[in-house]
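The listed protein sequences derive, respectively, from chains X and E.
Residues in the first sequence are numbered from 1 upward in steps of one, following this note's numbering.
Residues in the second sequence are numbered from 1 upward in steps of one, following this note's numbering.
Derived by calculation from the structure, the hints in this document are not laboratory data.
It cannot be assumed that every hint is accurate.
Within a straight-line C-alpha distance of at most 20 Å, the following computed PhoX-like cross-link-like pairs (lysine-lysine) qualify [stated by the list, open to error]:
#, chain 1, residue 1, chain 2, residue 2
1, X, K159, X, K193
2, E, K72, X, K193
3, E, K303, X, K189
Chain X side only, calculated, beta carbon under 10 Å to chain E, not exhaustive [claimed, not checked]:
#, residue
4, W96
5, N169
6, F301
All C-beta atoms, glycine included, are put in the ideal place defined by N, C-alpha and C.
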Amino acid sequence: MKKMLAQALTGSSKKTSHTSREEREFGNKVHVHKKHLDKKHSNEEIKALATLIRKEIILMLLEAESGHSAGPLGMADVFAALYFSVLKHNPLKPNWEERDRVILSNGHICPVLYATLAECGYFSKTELRTLRKLGSRLQGHPHFQATNDYKNQKKHAIKHPSNIPGLENTSGPLGQGLSQAIGIATALKMNQKPNYVYCFMSDGELQEGQNWEAFLYAANKRLNNLTILIDRNGIQIDGYTEQILPLESIIDKFKSFNWNVYSINGHRIETIIDTLELSKKHRLGPSVIICQTTPGKDVDFMENLPEWHGKPPDKKQAKDALDDLRSLKGRIWWE
Amino acid sequence: MTEQKFGTTRDGFGKALVELGQENVQVVVLCADLTESMRTHWFKAEFPERFLEMGVQEENMVGVATGLSLEKKIPFACSYSVFIVNNALGPTRASVCYSNANVKLIGGHAGITTGEDGATHQALEDIATMRVLPNMTVIVPADEEESRQATHAIAKHVGPCYLRIGKFKTPRLTKINEPFKIGKARIMNEGSDITVVACGNMVSIAIAAAQKLCSGLGGEKSICVEVINMHTIKPLDTQTLFKSLKKTRALITIEEHQIAGGLGSAILEAVATYDPTLLSVPAVTMGVPDTFGQSGDGNELLKHYHLDQKSLEIQIKKVVSLQRELKRQV
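Just chain X, with the same shape it has in the complex (with noise of 0.2 Å):
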């Protein structure tokens, strides 16, 4: 593991920010992996992506030395599922106009998104170990930026990363991602676009006020080309969610807004998928898919344990983490 981590940290320091666009582009595809261009994959497949992706967390949270496992790793399934079934995108062309829009409204989660975007092939896999460094366009928590318009900026600014292929917005404070998915739908209903805005969010995210606020506006406009992911792990950074401020009925709240809500199991590939494919078909309003996730799922010793919510593995945990992920179900996933 100590060879492949010098490796990672070699490749870190040749490849960190400021990549050229024609970097970026060369970048992209020569990492889009054969097995990706054929749409359909099958759900042991996908299930072996999300695991890959549990790889990739780890290493990139040792690697960073700070940031968030808890979350990431009970959303790996999600992701895959998502990325590598329903949504309609391409990652040798990251801002191709007919793509699904995800936005991240959790933004504490970004190393699940960083690594699945890199298993998509929207940037080399190298580069996640460059994680919340001086100039990675890996962010500790996703920036986006609008418009890289700054004449209007004194010479002097100072440089900025650019932006991560295949990330849609800013994401950090919660309970600001969904109305900002509110805004797109808004704008591609508009333009009459039948694309998809997939939001995900954080159950402790819940308890800010601003999701209210959007819960109403988006039920109201009727917005069915709106489906937001809510990673139910029960955990916040300061302990059980049913203990801090109690969510529940989260169902029953939703149902009295007037959403179409969703209850599922967040690791089973192929409720995920039917699940997505379902809430497209609603067509009355937004629909909501609250996943139960189990927190730090497939690395035995941080499942379910809000003191995991926000810090990284040590060298010797994350060798067991490694471990755990290697050893699943007896198979080896990835050697």
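Keeping the supplied structure of chain X fixed, place chain E upon it in accordance with the hints.
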């Protein structure tokens, strides 16, 4: 003078929105339950499909505006300044400014001239709050026509903008089709004894004071006041400012805002940062002195808070005599 002599900045904004609606299909207007008061009802009547009634929710409004801008729309999010600036500061900072999203925030009912509604509705901190946000452009128009021009200008500008408007009736100062450029101040009155930098409703007061002092009525020695309309607080037109200061070597800033953090602060910061040799210039910053407003008629309130023409004249005389004293010492 067949033309109407007075107007409000909100009327100028509302008229410009309708013109923009005709010019550009990407323009979308969002309003948080203040449609008529913000003068967005004219746009709503013409382009209902591009008007989004948000209800009483500012945070979500700014977030939705961000989402619209990500799909190349040009959203104008409108509410009273106290609400859109203070309630929606979180989304404004992270969703709008950090993303450099092309969102236009319109703050109405700004300043103590909002009047009878009282302190809760009189925004006196908005310039300070908005101008510290990276990527943000901050504009405070002085009259109806300038407000109309500014609205067109921010629609063309790519990036976050904050436009501060109000319902106070001011004399018409700006000529129709006089070119307006973001970040390019207007010299309203040329003078050599003192520079008065004003924004918004204070510009007409500064001009009136300048005209009176220049004529030297009442047997006093006349003072030639240079009045600068600093309609763009950020980016600040330091070129025009420094040129004038080098000429007059005396400064007063006046604004309908807290003294802390507003136009005056921006100017003093710019002097200290870019031309410290000007730090020896005697200067007074006029504004609301770290207190809240209260109910009353707009003009009465201006007098009560020493932001009327008379108070400005007194300050001008003080600073000019101080400056003459300094000259004599040298």
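How the hints compare with the structure:
For the hint linking K159 of chain X to K193 of chain X, the alpha-carbon distance of about 35 Å lies beyond 20 Å, and the restraint is violated. Of the supplied pair hints, the one linking K72 of chain E and K193 of chain X holds, its CA atoms being roughly 14 Å apart against a limit of 20 Å. Our distance criterion of 20 Å between C-alpha atoms is broken by K303 of chain E and K189 of chain X, whose separation comes to about 51 Å. Annotation: interface hint on W96 of chain X violated; nearest CB of chain E at approximately 13 Å, more than 10 Å.
Checking N169 of chain X against chain E by beta carbon gives a least distance of about 7 Å; that is within 10 Å, so the hint holds. Nearest Cβ of chain E to the Cβ of F301 of chain X: about 33 Å, over the 10 Å cut. The hint is violated.
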